[in-house]
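Student: Produce the complete structure using the sequences and hints provided.
Numbering follows this note's numbering, in which position 98 of the sequence shown is assigned residue number 140; successive positions increment by one, without gaps.
Think of the hints as simulated: they come from the structure by calculation, not from any bench. Please note that a few of the clues may not be correct.
[Stated by the list, open to error] Taking lysine to aspartate or glutamate and the EDC-like style, the derived pairs with C-alpha atoms no more than 20 Å apart in a straight line are: (1) 85 <-> 99; (2) 57 <-> 99; (3) 211 <-> 199; (4) 56 <-> 166; (5) 214 <-> 228; (6) 57 <-> 136; (7) 174 <-> 267; (8) 174 <-> 147; (9) 285 <-> 166; (10) 280 <-> 129; (11) 174 <-> 278.
[Unchecked claim] Ranges of calculated distance between the beta carbons of each label pair, as one might list FRET restraints: (12) 286 <-> 47: 52 to 60 Å; (13) 228 <-> 255: 46 to 54 Å; (14) 68 <-> 259: 34 to 42 Å.
Note that the structure is a prediction, hence the values are computed from the model and not measured. Yeah, the Cβ is synthetic: ideal placement off N, Cα and C, and Gly gets one too.
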Amino acid sequence: MTIHRPLWHRTVAKKRLPGLPCPQCTPGKLKLVKDGLSVREPKYSSEWRDKHWDDWEPDHNVERWSAEMRCDEPGCGEIVHMIGDVEVVQAELDLPDGKTVWGLEDVLRIQAVFPAPALFRLSENVPRPVAKELGVAFRMYWTDTAACVARLRTAVERLLDDQGVPTEKTTKKGKILRMDLKERIDAFASGAVHADQLQGLRVIGNLGTHGGDDVTSEDLFDAVDVLEFVVTGIYDTKVINAKAAKLKGKTKGA
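Tutor: Pasting the structure below:
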């Protein structure tokens with residue numbers, strides 16, 4: 043199942059905070075609690091505006107915000123906090139007469155979410171070391187795209203550890219060398235269905251490790267889609283196949 047990308051925008055209108063999935067329960071969605079949004083301007087910003095009003099522009103404003111969200115499942119009620127700053131952007135604005143016009147709009151830029159919702163759901167079959175790295179990646183999504191992708195790469199490393207893939211190799215001369223991620227993936231998935239997928243995650247993860255602007259949000263979402271497919275294929279398919287075999291066994295002699 044691919045990620046619903048519009049839901050994960052980092053900039054949102056003040057009245058449209060995203061209904062992200064609850065990080066605690068499966069069916070729940072996060073909703074803003076009544077009066078849960080607070081926007082404040084620091085004193086230094088307001089004083090500068092008062093002193094330099096003739097030079098002031100809307101995008102000179104500095105504002106911080108926080109929002110309290112709550113899971114809409116009555117039996118859960120998880121509390122999630124968002125924080126960020128306010129950005130001024132050009133947007134289509136709705137007029138009272140129903141028409142629209144281009145103008146400036148304040149939008150909320152999300153800088154952090156805690157506890158962070160999962161970019162994709164993890165089943166109980168995913169081992170803790172893999173799930174832990176994915177949890178860090180999900181938190182990093184809101185702060186640093188490159189760092190998030192780099193953490194997805196680390197999750198691939200933990201996946202290979204769990205599958206018993208060696209980290210070292212012995213040369214013909216008997217020297218022990220550390221295997222890089224490409225070699226480990228080749229050892230695990232040579233000719234297998236996940237080989238190209240894992241190598242793709244390795245490449246984009248390497249770019250994330252080096253930082254910079256080489257990794258886009260679309261790259262990140264693609265990586266999330268691929269990793270979800272791989273994780274599901276490795277950890278959940280085996281369980282589904284076992285259940286199918288159990289059902290098939292019941293038909294014998296029927």
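Student: Now look at each hint and say whether the structure bears it out.
Tutor: These are the hints, each one checked on the structure:
1. 85 <-> 99: Between residue 85 and residue 99 the Cα gap is close to 17 Å, so the pair holds against 20 Å.
2. 57 <-> 99: Violated, because 23 Å separates the two Cα atoms, which is more than 20 Å.
3. 211 <-> 199: 16 Å, holds
4. 56 <-> 166: At roughly 36 Å apart (the allowed maximum being 20 Å), residue 166 and residue 56 break the hint.
5. 214 <-> 228: 19 Å, holds
6. 57 <-> 136: Holds: residue 57 and residue 136 sit about 13 Å apart, inside 20 Å.
7. 174 <-> 267: 18 Å, holds
8. 174 <-> 147: Answer violated: residue 174 to residue 147 is near 38 Å, above 20 Å.
9. 285 <-> 166: Cα-Cα ~16 Å, so holds.
10. 280 <-> 129: Given that 20 Å is the threshold and the Cα spacing comes to 47 Å, the pair is violated.
11. 174 <-> 278: Cα-Cα ~18 Å, so holds.
12. 286 <-> 47: 52 to 60 Å: Given about 32 Å between the Cβ atoms, the range is violated.
13. 228 <-> 255: 46 to 54 Å: At 30 Å between Cβs, range violated.
14. 68 <-> 259: 34 to 42 Å: 25 Å Cβ-Cβ, so the 34 to 42 Å window is violated.
Going down the numbered hints, you'll see the structure goes against 2, 4, 8, 10, 12, 13 and 14, while the others check out.
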